[in-house]
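Student: The listed protein sequences correspond, in order, to chains A and U. First residue of the first sequence: 1, per full-length UniProt numbering; consecutive thereafter. First residue of the second sequence: 1, per full-length UniProt numbering; consecutive thereafter.
For the record, the hints were derived by calculation from the structure and aren't laboratory data. Heads up, none of these hints are tricks.
Treat identical chains as interchangeable: a pair holds within one or across any two.
In silico DMTMM-like pairs for lysine to aspartate or glutamate, Cα to Cα no more than 25 Å straight-line:
(1) K416 / D37
(2) K416 / E12
(3) K416 / E9
(4) K147 / D210
(5) K261 / D346
(6) K227 / E71
Number of protein chains: 2
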Amino acid sequence: MSTFKLTDELIEQIELLVAEKRNKELESLLNDMHYADIAEIIHELNIKDAIYIIRLLDTEKTSDVITELDEDFRDKILENMSAKEIADELIELDTDDAVDIISELPENRKTEVISYIEDVEHARDIVDLLRYDDDTAGGLMAKELVKVNENWNVLKCVKEMREQAEFVKRVHSIYVVDDNDVLKGRLSLKDLLTTSTRSNIKDVYIPKVDYVYVTDTAEDVARIMAKYDLEAIPVVDEMKRLVGRITIDDVVDVIKEEAEKDYQLAAGITHDVEADDSIWKLTKARLPWLLIGMFGGLGAASIINGFQGAMERFPVLLIFIPLIQATAGNVGVQSSAIVVQGLANDSIDGEIWGRLLKEFLLGLINGLAIAGVVILVSHFAFHTTYNISLTVAVALVTVIINAAVIGTFIPIFLHKRGIDPAVATGPFITTSNDVLGILIYFSIAKIVLGF
Amino acid sequence: MSTFKLTDELIEQIELLVAEKRNKELESLLNDMHYADIAEIIHELNIKDAIYIIRLLDTEKTSDVITELDEDFRDKILENMSAKEIADELIELDTDDAVDIISELPENRKTEVISYIEDVEHARDIVDLLRYDDDTAGGLMAKELVKVNENWNVLKCVKEMREQAEFVKRVHSIYVVDDNDVLKGRLSLKDLLTTSTRSNIKDVYIPKVDYVYVTDTAEDVARIMAKYDLEAIPVVDEMKRLVGRITIDDVVDVIKEEAEKDYQLAAGITHDVEADDSIWKLTKARLPWLLIGMFGGLGAASIINGFQGAMERFPVLLIFIPLIQATAGNVGVQSSAIVVQGLANDSIDGEIWGRLLKEFLLGLINGLAIAGVVILVSHFAFHTTYNISLTVAVALVTVIINAAVIGTFIPIFLHKRGIDPAVATGPFITTSNDVLGILIYFSIAKIVLGF
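All chains should be modelled from the sequences, with the hints used to inform the complete structure.
Tutor: Structure, rendered in structure tokens:
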């Protein structure tokens, strides 16, 4: 496709046009662009220029641009806009996107903005949606959907549908409800195109329809839609009344965010941060995990300190500390990552003992392979005695098995307790395996060398 | 929704029904289930039972079940089916899914299976698609789409479309082409519903249409579809002729796989493995990274070994090795993860110096915070002298800054060289920072303590 490429020249050109208030040129340049591309451009501008462009362009365009902006940046933009201006943007948006924006505003501004939304139904839908948690089906859904009554015929249905479709950007399915708004089934546009106009909806609709409850988690909704290849799913309340619809594009975002969160946790970053965030925000996200690692390091220090005698008699033992520690950490991360991913994909059931046995065997194989290489290398490079080689080899195998088993056990255990197993990866697993690894190493040394 | 839950009881029940050949009961139990659920069940059965069920059910159902199976498991199933049986399954599938299955077969079986596909057009489409690489737009696309000629009127268009729609499960857009099959634009179903039947397509179609080239990478397609919120995108060849269509559900899989691959690389697992893979496959995926870590550990060992004098005069230095190493590893992983994620999301531009400066400052802040705590703790816990405390503190700050800068630099460097930056995370970054960390520590000790 005519791929858009954000260049420094483009940004400079736009900054110049803004500075010289050459509005006509700005409009003709930007109006042809996709809103997602305009959002990329706006992110590179200063707030003043960004707001200038948002005020200049049509709200039909800018409302979509605003939904694409990063939350931090958007907050700054919204602070500089009047309640009336924000309301004008929201009117152009589907209710789910409007709610995402309005929910970021301070309480008193929310009310003010809503008072400027003239379309009462739109305003009511937005207020409705504000009740739901961000990470539930209710928080994802939009009110815009096409629904027909089971008691209508196809002709009436098509007529009503055309009216409703005016407000719905993409019609996926036509939902069929009874007189109480309870979801009964669905119709596809294709069916409607190929059915006689005199047929009754009751006789032609498909009663099998997937749906989620407003209270289901966003993660569950994403899993269900991905698993069943759904492009839209209706949302019902506790009485199975149709209250909204979730489309796949919102779920793509959930899937991406979920994957990014797990990745960040595995890398020891707590908050949802990006490379371009402020140093302060990045420090807040990173320091806590470094402190965990630090206390682990201090714990290891006191373990080594406790084996003073060994240090004096067998100083060569100490040169293998980094090896033991790195191996323990790496194995632990590998094992935990596989389990965390399996749990996220639902491909792991509760069967814990078989899995631990497998990790035990895997640790044994990897441990023996690595221990073999290490014995050879250290014999020639460090001229280690037989006893020292034996100590290092036995310690490596034990440490690897231990790390593999712990890396497997902790995520499954957390998952059973209802805690996100992803927190157990990264620095957490590394640190605990580091400390345990050193303890195992010196304990085995004590047994083999007898100090 | 009536959530499906895979239980041991259900598996046992199905195994019993298969063993006693109670086909009627099996059919009535399974025919009501979604194919994705049946695939989950089949994964838990032995191959013989799985094939029994696949042979029992209608190909309309089982073809979708087979597309949902894991590759390893599917290969085993296909080995036990005749070419004719496989062809019967493929006939039910969209070309993109059919190609995914057929491409796994050995060369001679491919030809045999294709010879059994009676629908010549379907067979030709499949052979066509087999030419494309798995991870390109061509490898993702299906041949099923609805296209109309710009020279038709709406009436003819609706008529043709109804015919074509028979073969297309979900119509997203109607693509408009010229007499040479060159993509000109699109029509939405909605437009078609609300336009007079006498209008000419030429006058009503939307000329602005996003598209990708057959040779574009799957990753790029996913990025474009996610960014522009597209549910389907047409694929064109070098002459801009319309050759296929990619739908969002295929891209959801790409996004998930991409995220999982990055996660696995960060955790030090090379191949695309799952928790349920064989011990041998898991070992092959894990051992290489452990060996990298091992050589790093041995490298660290020889560095320490090289500072024999220091070890004898200041043995207390050695107890801080785990702390230095763990901190270096953790900081490196944090920095690299943020950069890798930023690169994946296209939110990082080439601007490398500003980013390195930022990481430098971040490292300085985190380093001072951690060094402060360590000085306090080690003073009271290990009664370290002033000089030792100073050594450890300066080393920590330096090691943290170094790890942050390296963790940022390497992924950007690899990305510029066209190498997937995700390989630089995990054990790779950890190991190099471990070794460098130890070297920095002892070098600083040498300067401060002067041995």
